[in-house]
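Novice: As a plain string of letters, each chain reads:
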Amino acid sequence: MYLTGLIFLPLFFLVPILFMKKPLQVKAISFFFSVVHFIYSLGLFLKFNMNEAGFQLSEKLPLIKSLGIYYAIGVDGISFWLVLLTTFLLPLIYLGCWNSMNKNPRTYAVSLFLLQVSMLGTFLAQDLVLFYLFFESSLIPMFLLIGIWGGAQKLYATVKFFLYTMFGSVFMLGAIITLMILNHSVTGTYSSLLSDLSLLNISFVQDSLFSTQTLLFFGFALAFAVKTPLFPVHTWLPDAHVQAPTPGSVVLAGVMLKMGTYGFMRFVLPLFPEAAVNYGWIFCVLAVFGIIYGALVALVQTDIKKLVAYSSVSHMGYVILGIFSFNELAHTGALYQMLNHGVSTGALFLLVGMIYERTHNREISYYGGLAKLMPIYTIVFLVITFSSIAVPLTNGFIGEFLILLGAFEYNYIYGIFATTGVVLGATYMLWMVKRVFFGEVSNNLKELSLPDLNLKESLALAPLVILVFVMGLFPNLFIQFTKSSLDELSATVNVEQPYKVSEEK
Amino acid sequence: MNSPASVSLVEIFLVSPAIALFVLSLLPLTIKVLRGNQEPPKSLVLLTGVFALIVSLALNVITYNNVIVAQNSLMAFSNSLIFSTNSYWAVNLCLLFSIPALMLCYSHKAIRPGQFSEFTFLMLSSVLGMLTLSWANDLIMLFIGIELMSLPLYIMVLMSLERRVSKEAALKYFVLGSVASAFFLLGMAFIYGATVSNHGYQVVTKLSRIAEVSEALMASDRLFFIGSICMLMSMAFKIALFPFHSWSPDVYEGSNTSLTYYMIVPVKIASVFAFSKVLHAGMLSYSFVLQDIFQWLAVLTMLVGSFGAILQTSVKRILAYSSISHSGYLMMGLLAFSIKGTSLEMTAIMFYLLGYGLLTALTFSFLIYFENKKGSQILLEDLNGLGFKVPLLSLGMLFGILGVAGMPPFVGFFGKVFIFKEAVDTGLYWVVFWGLINSVIAAFYYIKIVVHLYLKEENSFIKLWDNAHFSAQNLSFFSKLMVGSGLVLALFMPILLAS
Chain E
1 MYLTGLIFLP LFFLVPILFM KKPLQVKAIS FFFSVVHFIY SLGLFLKFNM
51 NEAGFQLSEK LPLIKSLGIY YAIGVDGISF WLVLLTTFLL PLIYLGCWNS
101 MNKNPRTYAV SLFLLQVSML GTFLAQDLVL FYLFFESSLI PMFLLIGIWG
151 GAQKLYATVK FFLYTMFGSV FMLGAIITLM ILNHSVTGTY SSLLSDLSLL
201 NISFVQDSLF STQTLLFFGF ALAFAVKTPL FPVHTWLPDA HVQAPTPGSV
251 VLAGVMLKMG TYGFMRFVLP LFPEAAVNYG WIFCVLAVFG IIYGALVALV
301 QTDIKKLVAY SSVSHMGYVI LGIFSFNELA HTGALYQMLN HGVSTGALFL
351 LVGMIYERTH NREISYYGGL AKLMPIYTIV FLVITFSSIA VPLTNGFIGE
401 FLILLGAFEY NYIYGIFATT GVVLGATYML WMVKRVFFGE VSNNLKELSL
451 PDLNLKESLA LAPLVILVFV MGLFPNLFIQ FTKSSLDELS ATVNVEQPYK
501 VSEEK
Chain H
1001 MNSPASVSLV EIFLVSPAIA LFVLSLLPLT IKVLRGNQEP PKSLVLLTGV
1051 FALIVSLALN VITYNNVIVA QNSLMAFSNS LIFSTNSYWA VNLCLLFSIP
1101 ALMLCYSHKA IRPGQFSEFT FLMLSSVLGM LTLSWANDLI MLFIGIELMS
1151 LPLYIMVLMS LERRVSKEAA LKYFVLGSVA SAFFLLGMAF IYGATVSNHG
1201 YQVVTKLSRI AEVSEALMAS DRLFFIGSIC MLMSMAFKIA LFPFHSWSPD
1251 VYEGSNTSLT YYMIVPVKIA SVFAFSKVLH AGMLSYSFVL QDIFQWLAVL
1301 TMLVGSFGAI LQTSVKRILA YSSISHSGYL MMGLLAFSIK GTSLEMTAIM
1351 FYLLGYGLLT ALTFSFLIYF ENKKGSQILL EDLNGLGFKV PLLSLGMLFG
1401 ILGVAGMPPF VGFFGKVFIF KEAVDTGLYW VVFWGLINSV IAAFYYIKIV
1451 VHLYLKEENS FIKLWDNAHF SAQNLSFFSK LMVGSGLVLA LFMPILLAS
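These protein sequences, in sequence, are chains E and H.
According to my numbering, the residues represented by the first sequence are 1 to 505, in order.
According to my numbering, the residues represented by the second sequence are 1001 to 1499, in order.
Isolated chain H (complex conformation) (with noise of 0.2 Å):
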């Protein structure tokens, strides 16, 4: 146990990633500054912030085989941050999106061009609320990397160039937001409360210690009780669960299609992380009631997700749909997790939003290609044809819906097969049900998608454009690379990770 005064020198090291993050973050707004509030070259911004990205990674990585692998897991400043597998996991995630994240932004024409230094300090420092959110074992920890990852995304949904909708998306995000931190503050009171009176402890504020005192709580301390409901309630905002999603197809659509990436997948991780850590704090695990109701509420948030889908005519608008119903499966994954909690769960969740974030960026970056193209949202009938115009690019969209979809021979197959067989090891067998059913009723729209590439004939859309527009010789080598890549990791990636 360290005194609090004191701060060693593995703890510094512990946190390097962020410290890195932070510092390196600053640097596009300092180039800007020293030029005399210039904009720097739009590349040069992206390439400071993938390098602050990648620098986080590696000190991650070193960190975790130097330091916390040698150990389960290991507490820091004053036990209010804890180093563990799973964090290690949650945190590269997290980075590693968060750059085709930045990427997609960077190639997106509604991002302002003139504020792109901005836009990527603001992307970097909610990524750093990512980081402190993951390591978070304290419910005030939890909460600042909670805001710190949500409050610069308010201004980054505002920072489009993009028609009203952007506007409204960010005001709607921000005091639906606003509320869903209010009920975690106010859950936070709540627990608070109950463990002085009950326990004559001072204050207790460690989610592991939590996790210690909530059986016994939960079962006698109506207060206890409903602080746990109002911080599943927050969550559940968070992650988009079923009552509390409606803000979110609404905001996946008004903010730019690159930012709507990042909110899918970098903050969704995040999110299921911070929920997985409210769970691992036992605010579920022993309320049998409280089971049954997060039970039924994922079996409905993926049947909303997919019947939302089903309507829809814009592309977008049925990936946000898409990712409802995906946060379905992971309340699934999340349920056997606060159930058994071992980390088993947490790896099958965590296999699952790898493959899934890399599928997305695989379907965003096309749309996004066409949404520069065609200067606003793409529907369904724009993609009419264009599976034989631009080959890779299609087949990184059709290799992305197929493995949404879970697909076999694609990497999202696996990740399906990881969170059922958790959840079937865990006894949750009618939500593994519905949630069979849920991936025929899903196939249904994501395959509305590939008709409309491969199977319909070109429209007026295509037509646009001369043929030159279409060639893949307007996708730079370096594009070219990266959706192919996506494509062999789309495929090979469960190979990979099994040796």
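Just chain E, with the same shape it has in the complex (with noise of 0.2 Å):
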């Protein structure tokens, strides 16, 4: 009943919020209960048991049985720090954008609650069809969290966000419906479990477009790579970030751009192994391109939130480029670089967030020499850029390496190029970074008052910072939760590694 607990208790809360009248009131109960819901979440450390591999806590009731339809649900280490991510994202949130959540504060707490549950059940769904109910649902909180209090482009960003993901993931759910069908043809009975499922030999044949197997990895695999996104269809991520307001930044970028990725680690590589080894340059190769791509993108963004938008679109590139590196050092990278990610982009929003509060724009040829005026503002900010670039000492420097580890191991080529990305990322941070918060104080920043950060807004950063430095100096505090895990699920894909040098050891 744990998890359970874990996934629903944001409805609970949901019931007294709604009987708030005043803003204030709204928000206190909303930024108590998310600090609620993450020490309920810190109950995890108590009961999860990092020596093994398959799925814990785990619960099963049946939903539909006639289709074999679960409700199951069960955490291990792969989404172990995704989940806790997600809880530890919300209260600071709620802290870092106190006062920009004033327009209608209910039905904001109502979407991020809601989104909550979308998100935790996407990472402990252990059944397809549930896991795809919770993935879908995800996109009505967040239509309505940009569309809302999104801004001026709002409208057109929250649809081309709503069609762009269901076009992703329809496709997904026809790949379901067949799976189940052929869980029927093999066993007897339908079942979307992923438990019997991933004992389903699906026929693969090499070279042909047209197997089973291909065709299904396909289906799956335009579902996350939309929702990741990857190079080509990444397009409505930097309208959706741009124009989403800072809490429905930080959570798109924190934790639902993880859906993707985790569902290529949970549900791809399992199931669809030949497919994904086959393909898998494909995957490679458009990581790769998106690395590079997002980071020259990202170099030319006169807007401070599209540029970071675009960076996402890089290093979310490094983590595909890890889960089909096929080896456990690149799936530990990946799995890593996407908590790196969570908390570093989410920190990014949330500063861009708190300075677009002060003055209202995000344009860089506006700003200029900030370090003078916010001095621990700047500081912060460094610090995350740092962590965003993969300096050593910083968490992200553990995530890159791992990946990049990996690749050079699978295929030195695709380490190569991504290799280049490292420099350009430290090159468009920090060339945006020396742009405004050195040189002269700008004209435009004379005239305003411009505090430095408040007390709720230090205490919002104060753990994305401390985090920053405890993953990037104690990884093993964090890797040992997952390395089980992990170590089965790069067992499952078994891959003739094509270019690999030696097996010295």
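Rather than coming from a laboratory, the hints here were simulated on the basis of the structure.
Think of the CB as a built atom: it goes at the ideal place given N, C-alpha and C, for glycine as much as any other residue.
Every clue listed holds true.
Derived coverage of chain H by chain E (criterion: at least 3 residues anywhere in the stretch with Cβ under 8 Å from a Cβ of chain E; other residues may be distant): (1) 1399–1409; (2) 1425–1439.
Below, a list of computed lysine-lysine pairs in the DSBU-like style, where the Cα atoms sit at most 30 Å apart: (3) E:Lys65 to H:Lys1340; (4) H:Lys1389 to E:Lys103; (5) H:Lys1389 to E:Lys22; (6) E:Lys21 to H:Lys1373; (7) E:Lys306 to E:Lys103.
Can you join these two chains into the complex? Each is in its own frame, and there are hints to help.
Specialist: As structure tokens, this is what we get:
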């Protein structure tokens, strides 16, 4: 019952929230509940056994018996940290965006908590239909978040976001239904349980695009690629990020993008190992392309938020590269990078939101010399920037290093090209930092009174800054939880690594 | 086998829902006559109407549990009626959704207040037709059922206070409906002829008998083939399948919104079931050409409905087109049924319709509430900013729209999964593929409604009234309860049905 509680607790929070009238009350109680939820989720540390590879704390109830759809949830090393990341970010969002959440705070709280439910459900579901249910239903609250509180182009952005991601995922629904029927043809019962379906040997024909496994693989991969977002299908992301209000951006970048990469790790690799290995090169190429493309486009942005949005495309490219490098190092790196990205990009969006609230401008050229006016803000921004460009001692370094190591081991060509992204990443971030924070104080800022971070904002950022260093200095604290599950994952995808150099150990 | 002349008590018991419905449908009229042709209070009429439907529903449940459930299916009245689990569910759904339909008609201002008792009588007779066709095991019975369902409908469309449009709609519906009926009769004649000349039988009229001979006849006898086509066309007209759909947007738009609900839910359920009877007789099962054609008709129906809806500005017309699009999904299910012919596919279709009926009730109650206020059709711009003004009804609209679009937590999603699953199981991959694509296209216009409801600033339409109009207190406790329970059901129905 622990995990069910974890998923659906926010629904109970909504009951008192709906009866609150004053904005301040609503925000205070929502913040309080989000903290309660986070503390509740910390119970995972007590209950989770890190040496076990399979699902733990599992629960299973039939939802629709005749179709074999179950309410089956469980947590393992892959989802463990993502769940915690989800519950961890919400209180920080409330603290960090306190003043900007005055319009319709009740609906705000409803959307955010419903989003929590669907995201947690996505990470914990062990049944494919249940997973799809949570995965898709996260669209509605996010649609409302962007659409109600977004910027000038919010309607365009939110409808694009909704249709784009929905287009990606409908084929996954078709694939899931086909899997259920395949299970029926093999075992005689319909089932959409992951544990049942991963036992299926789905027929795979080399070099044929129309073999069952290939088609199903692409059905799933499209959905997750759009969500991630992978290079050619990333175009919804900049729009959605730029138009979304800060809380929306933080949740979108911090957690929702991980639903795509998580889907790859959880479903695509174990269910379609042959197809994944065979067509992995497509994803590696696209990922590398995305890394470089995202960085280059970020370089020329004039809008800070858009720059961060494109940096997401670049960072998520690393994650995909890690996943499709099919070795344990890269998988660990990919998972680590997901968490890093949640922390650092989440923090970046919070920071951009804070400065936007003061100046109502996001153009880089508008700023200059901010370091003199807001020193603490600048320090925090720099720390997060370092984490984002993977400077050693910060968390970003561990993730990217592991991914690149794994990529080199898998195929050095991908490794070489991906490494250029590291340089480019430093370029666009540092250049932006230079223009915004250093140099002469710009005339636009002279007339404004720019208070430095207040207590709430500092409290919101402090945990993130601490986490940047903790994750950078003691990666084993985190990796030990994921190790056994990732071992098993890498064992499922048994690659004859085509370019493997040597096997010395 | 019963001898034709005698009627056993069990048979009476089996048709008791219809008998009860008929007798009780006379109640409003009788009251009116006894009052000296004075229209009784509207609420009393509504009460008797709902009472009739509920009694009939209860009788249906009782007969099913006591008589039918023991056998798989049961024939009665010289085999001209068949009672099975499928027909039980069809009857249940028709009766069930006629209740909100009647309530919506009651609350709609444009239904002539002086004639509500006649109106109720007509609706109940039309429901009687649905019961008849659900039980039919005989082409004649099927025809009688369809006609009994449609004829009162033509008059009901006409009985509106509204503009000329409703007269036009009624006439259009009547003329085209008659043509469809003519095709049905023509097909029937061909099939009778074919069975007589080929088998030297007496005329084969029973659907279950036709099912036995159709495989041989479909291949050998062109007359039978043409007869099947005629019948399929007529049925395609009834459920508004692609080339035969063009009447439906006009008719749906022209008639009262409350009546539109009646037409796109209970009447559609009955028509789909009638279609399944024709298919069960094997009119599609043994001809690959026809199967191919109907596959593509299903796809085209979805696409035509969706693309048609994208261009509309009137909410009601959007929903009318969306109902065409849903006919495509239903046709997918029907195709699966005609190919595999098990009751599983019918269960999927019924579940789909159950969800569709419920969600559509939510959207239409929203629509009718505002139509009554505005006095004319609701356009998309009229919805601007309503979401936060009228929270409960708008939430109903939101759930209804997203549910009909097949978004996950709502019941519409499970309906879609059911239908797609049956279609994939049957091998209709391309239809499913297009169905998936179509659900994205459809999301575009559904989401447009949500955008107007929640994301746009309020406009002059709202400011026409003072705020008092817009407080939820304007809703009676009863309607709040209805909408609230609809919301809950929209979320939890799949779980309830799972047990």
